[in-house]
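Generate the whole structure from the sequences, applying the supplied hints.
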Amino acid sequence: MGDRGAGERFGVFGLKCEISDMRFQISDLKCQISRLRGAVRRLLVCWGALFWLLGLTGAGADAQEPPRPVSDVVAVDHPNDVGTAVDVSWTLSPDDKPNDEPIPDPNAVPSLLSGYHILRKQPGEESFVLVGKQSAQAGEFTDRKKVVRGEPYLYQVVAVGPGGTSAGVETAEAVTPVRGLFRTDRGWLAVILLLICGAVVAFIVVAKSGRELFIRKIPGLEAVDEAVGRATEMGRTCLFVPGILDINDIQTVAGITVLSHVASLTAEFGARLEVPTSRSLVMTTARETVAAAYLAEGRPDAYREDDIYYLTDEQFGYVASVTSKMMQEKPAACFYMGSFYAESLILAETGNAVGAIQVAGTAQPSQLPFFVAACDYTLIGEEFFAASAYLSGEPVQLGSLRGQDVGKMLVASLLIVGCVAATWASVTGSASANAVVTFLQNNVLGRGGFLP
Amino acid sequence: MNATNPDQINVILATDCGSTTTKAILIEKIDGHYRQTYRGEAPTTVEQPVADVTAGVINAATEVGELAGRRLVDEQGQLIRPVKPAGEGQPAEGCDIYISTSSAGGGLQMLVTGVVREMTAASAKRAALGAGAIVMDVIASNDRRKPHEQIQRIRELRPDMILMSGGTDGGTVEHVVRIAELIAPAKPQPRFGSGYRMPLIYAGNKEAAGLVREVFDDTVELSVVDNIRPVLERENLGPARDRIHDLFLEHVMAHAPGYDKLIAWTDAPIMPTPGAVGDILQQIAKARGINVVGVDIGGATTDVFSVFDGADGNPVFNRTVSANLGMSYSISNVCAETGMPNVLRWVHFDMDERELRNRVKNKMIRPTTIPQTLEALVFEQAVAREALRLAYIQHREFATTLKGVQQQRTVGDTFSQQKGGQSIVDNMKLDLLVASGGVLSHAPRMEQTAAMLIDAFEPEGVTELAKDSIFMMPHLGVLASVHPQAALEVFERDCLIYLGTCVAAKGRAKAGKNCFRYEISGEPINERGEMACGEIRRFPLSIEETAQIVIEPARGFDVGGGPGKRIEREVRGGEVGLILDARGRPLELPEDRDNCRSRVERWSRDLRLYSE
Amino acid sequence: MATAYTPGLRVTRRMRYRARRVLPIAGDVLVGAGDKVASQDVVARTELPGDATPINLANQLSLTPADVPGCLLKQEGERVEAGEILARTKGIFGMFKGEYVSKVAGVIESASQVTGQVIIRGEPIPVEVRAFVTGQVIEAMPGEGVVVEADVSFVQGIFGIGGEAFGPIVMACEDPSQEFAPELVHEEMQGAVVIGGARMPGETIRRAIDVGAAAVVSGGMDDADLKEVLGYDLGVAITGTEEIGLTVIITEGFGEIAMARQTFALLSSRAGAAASVNGATQIRAGVLRPEIVIPLVGEAAEPEEDVPTATHGGGVLEEGTLVRIIRDPYFGMIGTVAGLPSEPQVLGSGSKARVLEVACESGEKLTVPRANVEIIGG
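Chains as they are written, first to last, in this note's numbering: chain A, 5 to 456; chain B, 402 to 1013; chain C, 3 to 380.
Source of the hints: derived by calculation from the structure; they are not laboratory data.
Where hints are given, some of them may not hold.
[Said to hold, decoys possible] Below, simulated DSBU-like cross-link-like pairs (lysine-lysine); rule was C-alpha separation at most 30 Å, straight line:
| id | chain 1 | residue 1 | chain 2 | residue 2 |
| --- | --- | --- | --- | --- |
| 1 | A | Lys221 | B | Lys911 |
| 2 | B | Lys907 | A | Lys221 |
| 3 | A | Lys334 | B | Lys820 |
| 4 | B | Lys830 | B | Lys820 |
| 5 | C | Lys76 | B | Lys547 |
| 6 | B | Lys830 | A | Lys221 |
| 7 | B | Lys907 | A | Lys334 |
| 8 | A | Lys329 | B | Lys907 |
| 9 | B | Lys547 | C | Lys99 |
| 10 | B | Lys607 | B | Lys547 |
[As the list claims (entries may be wrong)] What the simulated footprint calls covered on chain A by chain B, stretch by stretch (three residues with Cβ under 8 Å from a Cβ of chain B suffice, anywhere in the stretch; the number is not a length):
| id | stretch |
| --- | --- |
| 11 | 233–244 |
| 12 | 266–276 |
Ideal Cβ placement from N, Cα and C applies to all residues, glycine included.
This is the structure:
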């Protein structure tokens, strides 16, 4: 015990050493970058001075006045962020007049103001540096330019016009951006999240306590018994097709869960199960699953590894092989569980033609109609995934299934309320219905905060 | 057996040799109609010291003869046949035909095997039960027992006969032979001594028949009949059923004391009693075109029979035997299975549970006693309700459409995929409910019989209730095989005592809310009104009378026309009359004891169950 | 029916008892007619075929079923031991041979070419039948069994659990109405048939099991105690195969009920004598009740002229017959028949039934249905 403890400790220290080494390297990098920045800044200052000189000569040529300055410049920390932005606001310059005439008057005096410049410095620094520009008529600006959390900043707003720039107006006090713990503007998201997660956790607890959780019977799964029974009585095989995608597809995984159920039934009934796959990894997984199911049923002797085999990755090569097998052996039960594309109808029609009871399950919406029409039972989309919880009967899976249902109900009810309110608002023009729609859009779904 | 022209049959003697009594009835043609006229009974004489079943038959026949003033047995102790017409100063004597059923010695006990429990094994069980057998066990590939456990079980059982099935024609051979290989080493012993070989009927995959034959040596008497399930889509129970009857006579009966004589006497093959009951119910269902449920509650077992329209529209007959649900030998088992609280919910006064448990056990060890006090009667009828309810649940689970059948679907079925193997028993489609058996037919008041039936079976819509007056159904079942018309006439006129009609609404709502409005118009009663949920009411309407009823159910309730739809029907009266039941279906009693007691008390008052 | 036969339990000081002792299947009878046998002597013996164990070799060895018989190293009818190799596949070019090691010992009964299943029959199970009662063999049925006869004191109980047991009669209670309390069970009662009085609580039975008594007999017990002793709720009264450590017999019924005075007196008069008891009860057609059989030996066994042989009680009800009421509300009361009205009467339950009047020991006169009494004694 002691040795292992020491070893672990050593390991931890080792890790820390590595990390600090990395930090050293990073700080080296930073040094180089700041050096580079210094050079660039110097270059910019030179160029700036040159332009300023040019500008002065230009201003002398035109007689227009600079705009009057803005007033009441306030900088506050940008709320609901991690402390990397500052909101700056000001009262518009008296020269900033809205140009609201439909056709601009050619004789009018051109505006003295074209926009605002926002500049920033840290207390103790010499001069303000430009961090952003804002157009006329706008009295707000959010500074996100390399704002460092915890550092104080002073801001200056300058009105800019054809006649030059006004005097800069500074903020009275330095503002320090801080990290906000909560995004209060997305409060509703937190509520919804809590509701759904809470429901999941609550149902898991309930399921663990041994209380029966009602899960609607899925006829397609109940029918697996019947299909395997038919194959047994007729002395034919059961064919299981786990889709044509690889094991990294969630539908294939769900299909393998169902395969485990089918295998335990074929073990119990003493029927033969055949699983052709189009991916080698799926074959390996299927073999493991089926072997485990036979073992659990106490019939490891009846498990035949060779009946679970790989054909080809090629979509239609695979289908051709499976269908020819179906025509030869005439299985009495066919299961299609996984991800299917164009082959769905080819397989299902062949199965139907040889007189098999067929159960399909897929989450491919485009293939569902084919399966429904050609198969005896079909697990539709979500049902297919629910099947795994239903079959395993595990509290965690059952609980999350029920919890997710609560979430779906919540979403569905929001959808219904929203649709009804929006329709009502557009038909009657009712203000309160409109308010509901706005509330749903801006507050519940948007970033309007908890209350309007 | 003489082939007799049905038109010339005027006097019929029928007996039913039960395990304790032999009951004889006399049927005579009076004014062109067959009527049951006299009955008599005597103890069955299968066991020591007499050990000859015909002695009991002669005793019972003699009693009937004495009552009828007609000599049926001659000096040699033989039945007089055919009828000797009245001569000078000498009354007519003898009968035209004699028929009999038998359940003596525990009836016909069978072991049934199949491949898949829900498919061929279920079909085999249906065939055996339909033939009137008691199925001791069902062995199947998927009965969750290991092969050696199956062998052990076969060895323990001592059936009269074995029925083997499995595989469609051209289907599995391996599974069928494997089960044969389990039966052969188990060397099953017939129940009645080692005097004969075990009869075994093979009704499975015809391609496996030869191999099955090779498995068995000469310890069994193998007979092969047509496959019970030639394809999964169709059942073919007839050949197996007939062979069971043949073997029952040839082997089982022939080895019971005195049966060789009895077989020679009868004009139609002797049938197992429950098989005969099933036959008459099928006849009546066919003749009247109705769905029927019959129940026979005995001391040890409860039989439920039903004839309902199957998936293809043809009537399907089903029978189940609930082996350990009964009113005396099995009373303790009923209480154990359902639990005391479930029994006591039907009792409208308080009882001490410990005392009650001892009473139940005392009834079990002394099964012949009868309730003396009202309290004891109410309790016994409460047990009967539970026994019937459980037996009916078992029946419903068994009477299903065939499993393993390919389904045809359209895209429209996407969200309503019905599973195969649904129960065909539908209380809404039930037309006639027939009760028989001690606790039902000997209840002091007919109202009690009706109430027990309604509470246990929960009929929906319009259902006629009747009871078998003197348990005559077995006799009529055999008669139906010789003279169907006579059987049906007697059944309608003398066998059934109509209790009345029950009209019940399906659905649930809070007590006190409107359930349905009714309007009854007829000769003796003209009433209209409203039934609130939780109410039950009785209107007297005697046997000969009928009434026209109009029922308008509230939303969510169904009386047969669909939810909320109005119906108009003619209903038949009876000893009890017309019962309107607005207690809701499924029938639920309040969990709270006080609440439940007061509710049950009100119901029994409304139905005038007890004279208090 | 003018002469109504009424059931009853037989309790008699002296009767001729015949025990039919037969084997479940044909076997050897070890004694002949006229032989004297003691209760625990083995009179017949046979061997039941052993357990059959099926092994699916086709699956175990990945063979086609048709190849299975060819791979067996032992042929049908030969013996195989546990751990012995039962079958070996031919393999490919003599390599990669698969083997199956038998897990059970026995004789190979069959090997199927259709299913690939081999059946191994285990050791035969010996079955012995004892004489049950000390007496004389009066009939030997070759291959089947014997009939043993003896003059005995005989007590029929109403209900029992457990099978056959043997031991001397030991009285635990002094009075039939005394509760058979656990304190009354002593160490000396090991191997004895212990007779109690009234109700016996579950604790008493457990204590009797602890001291190793052969059987306990008392008037009544509670259903709740029975359930506790058995470990399950008895549904149907078919017993005899329970293995709880001893045989239990109640003579009157369930509940708070004293043993009939007559039964108690008979048993106490035979205290110390060797008894054979059987708890097997079967309440169905062909009713079977538990029995306490005490053979009469020595002077008590002197032959008498008229010895009854019927093992069942009951008889015809007449005025003066001693009866016990066997249904509530008067359950357990004993009295004599005081009147037999011929007309059926309406009972409190509303049913009509034939009744009788019983004059109770307490002097009370009760009217009860005829079905609800049984005749005591015999």
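Status of the hints after comparison with the structure:
1. A:Lys221 / B:Lys911: Holds, because 28 Å separates the two Cα atoms, which is no more than 30 Å.
2. B:Lys907 / A:Lys221: Holds, at roughly 23 Å.
3. A:Lys334 / B:Lys820: Roughly 23 Å between the alpha carbons, so the hint for A:Lys334 and B:Lys820 holds.
4. B:Lys830 / B:Lys820: holds, 20 Å
5. C:Lys76 / B:Lys547: Distance ~25 Å between C:Lys76 and B:Lys547 Cα, so the pair holds.
6. B:Lys830 / A:Lys221: Roughly 25 Å between the alpha carbons, so the hint for B:Lys830 and A:Lys221 holds.
7. B:Lys907 / A:Lys334: violated, 46 Å
8. A:Lys329 / B:Lys907: Violated: A:Lys329 and B:Lys907 sit about 51 Å apart, past 30 Å.
9. B:Lys547 / C:Lys99: Status holds; Cα separation ~28 Å.
10. B:Lys607 / B:Lys547: holds, 26 Å
11. 233–244: Coverage by chain B holds here, the residue count being 7 at a Cβ distance below 8 Å.
12. 266–276: Holds: 3 residues of the stretch 266–276 of chain A have a Cβ under 8 Å from chain B.
Hint compliance for this structure: hints 7 and 8 are not met, and every other hint is.
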